[in-house]
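Peer 1: Construct the complete structure from the given sequences, taking the supplied hints into account.
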Amino acid sequence: MSNLYRKSHLLGTKLKNIRKLNKLTLEDLSERCSQHSPKNAPSVSYLSMIENGKRLPSEEVLKQIAIVFQKDSSWFMDENLDIGLPEDESKAKTNKNLPLEPRFLYSKELLEGAIPELLDQSGISGRQFAQLLIRAYQEANYNRFPDIEKVAD
Numbered sequence: 001m002s003n004l005y006r007k008s009h010l011l012g013t014k015l016k017n018i019r020k021l022n023k024l025t026l027e028d029l030s031e032r033c034s035q036h037s038p039k040n041a042p043s044v045s046y047l048s049m050i051e052n053g054k055r056l057p058s059e060e061v062l063k064q065i066a067i068v069f070q071k072d073s074s075w076f077m078d079e080n081l082d083i084g085l086p087e088d089e090s091k092a093k094t095n096k097n098l099p100l101e102p103r104f105l106y107s108k109e110l111l112e113g114a115i116p117e118l119l120d121q122s123g124i125s126g127r128q129f130a131q132l133l134i135r136a137y138q139e140a141n142y143n144r145f146p147d148i149e150k151v152a153d
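Quick note on numbering: the numbering used here labels position 47 of the sequence shown as 47, and the sequence is numbered without any gaps.
Keep in mind that the hints were calculated from the coordinates and are not lab data. Please note that a few of the clues may not be correct.
[Claimed, not checked] Below 27 angstroms or equal to it, Euclidean Cα-Cα: the simulated DSS-like pairs (lysine-lysine) are: (1) K71 - K20; (2) K71 - K54; (3) K108 - K54; (4) K7 - K108.
[What the hints assert, rightly or not] Between beta-carbon pairs, the in silico distance windows are: (5) D120 - F145: 30 to 36 angstroms; (6) Y5 - S73: 16 to 22 angstroms; (7) Y137 - E112: 15 to 21 angstroms; (8) D78 - A140: 31 to 37 angstroms; (9) G113 - V151: 41 to 47 angstroms; (10) F129 - V44: 14 to 20 angstroms; (11) L133 - K54: 41 to 47 angstroms; (12) H9 - E139: 16 to 22 angstroms.
By construction, the Cβ of each residue, glycine as well, lies at the ideal position given by its N, Cα and C atoms.
Peer 2: Structure below.
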């Protein structure tokens with residue numbers, strides 16, 4: 001029994017550490033889990049009990065959590081508390097490890113319907129929005145576009 005108690009505390013500690021490292025709330029984690037399997041998604045209170053070592057999650061819940069954090073389910077069960085990122089790399093890797101963009105949380109149809117409404121509410125024109133998207137794409141690629149540069153030369 002004490003081994004099970006120890007495992008539940010270690011798993012809870014790991015879950016809490018990786019969740020906080022990725023700047024997710026319990027609500028965010030619950031919502032992301034529901035994207036994979038709404039029927040078996042853990043509630044916020046259940047996730048809290050897991051983090052506090054009061055519950056050991058079922059295999060299905062553990063798989064959902066592992067999918068969200070792009071880890072293997074067994075990673076949560078080992079007794080190593082290291083979450084796998086060196087301190088200096090943790091901030092740089094955080095954004096790349098988790099799909100934080102809206103398409104991860106919402107279907108394409110919902111986004112297609114929501115974008116015009118959001119633009120209308122914010123007063124941004126379609127042209128301004130397109131320019132913002134292009135600029136964001138350029139920044140994400142550090143303005144490196146070798147194909148375009150070849151054609152331009």
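Peer 1: Now look at each hint and say whether the structure bears it out.
Peer 2: Hints, verified against the model:
1. K71 - K20: OK: K71 and K20 at ~15 angstroms, within 27 angstroms.
2. K71 - K54: Roughly 22 angstroms separates the two Cα atoms, so the pair holds.
3. K108 - K54: Not satisfied, since the Cα-Cα distance of roughly 37 angstroms exceeds 27 angstroms.
4. K7 - K108: violated (39 angstroms)
5. D120 - F145: 30 to 36 angstroms: Given a distance of about 32 angstroms, which is inside 30 to 36 angstroms, the answer is holds.
6. Y5 - S73: 16 to 22 angstroms: holds (20 angstroms)
7. Y137 - E112: 15 to 21 angstroms: holds (18 angstroms)
8. D78 - A140: 31 to 37 angstroms: holds (34 angstroms)
9. G113 - V151: 41 to 47 angstroms: Cβ of G113 to Cβ of V151: about 36 angstroms, so the range 41 to 47 angstroms is violated.
10. F129 - V44: 14 to 20 angstroms: Roughly 33 angstroms apart at Cβ, these two residues miss the hinted range, so it is violated.
11. L133 - K54: 41 to 47 angstroms: With a Cβ separation near 45 angstroms, L133 and K54 satisfy 41 to 47 angstroms, so the hint holds.
12. H9 - E139: 16 to 22 angstroms: violated (42 angstroms)
In this structure, the earlier hints numbered 3, 4, 9, 10, 12 are contradicted, and the remaining ones agree with it.
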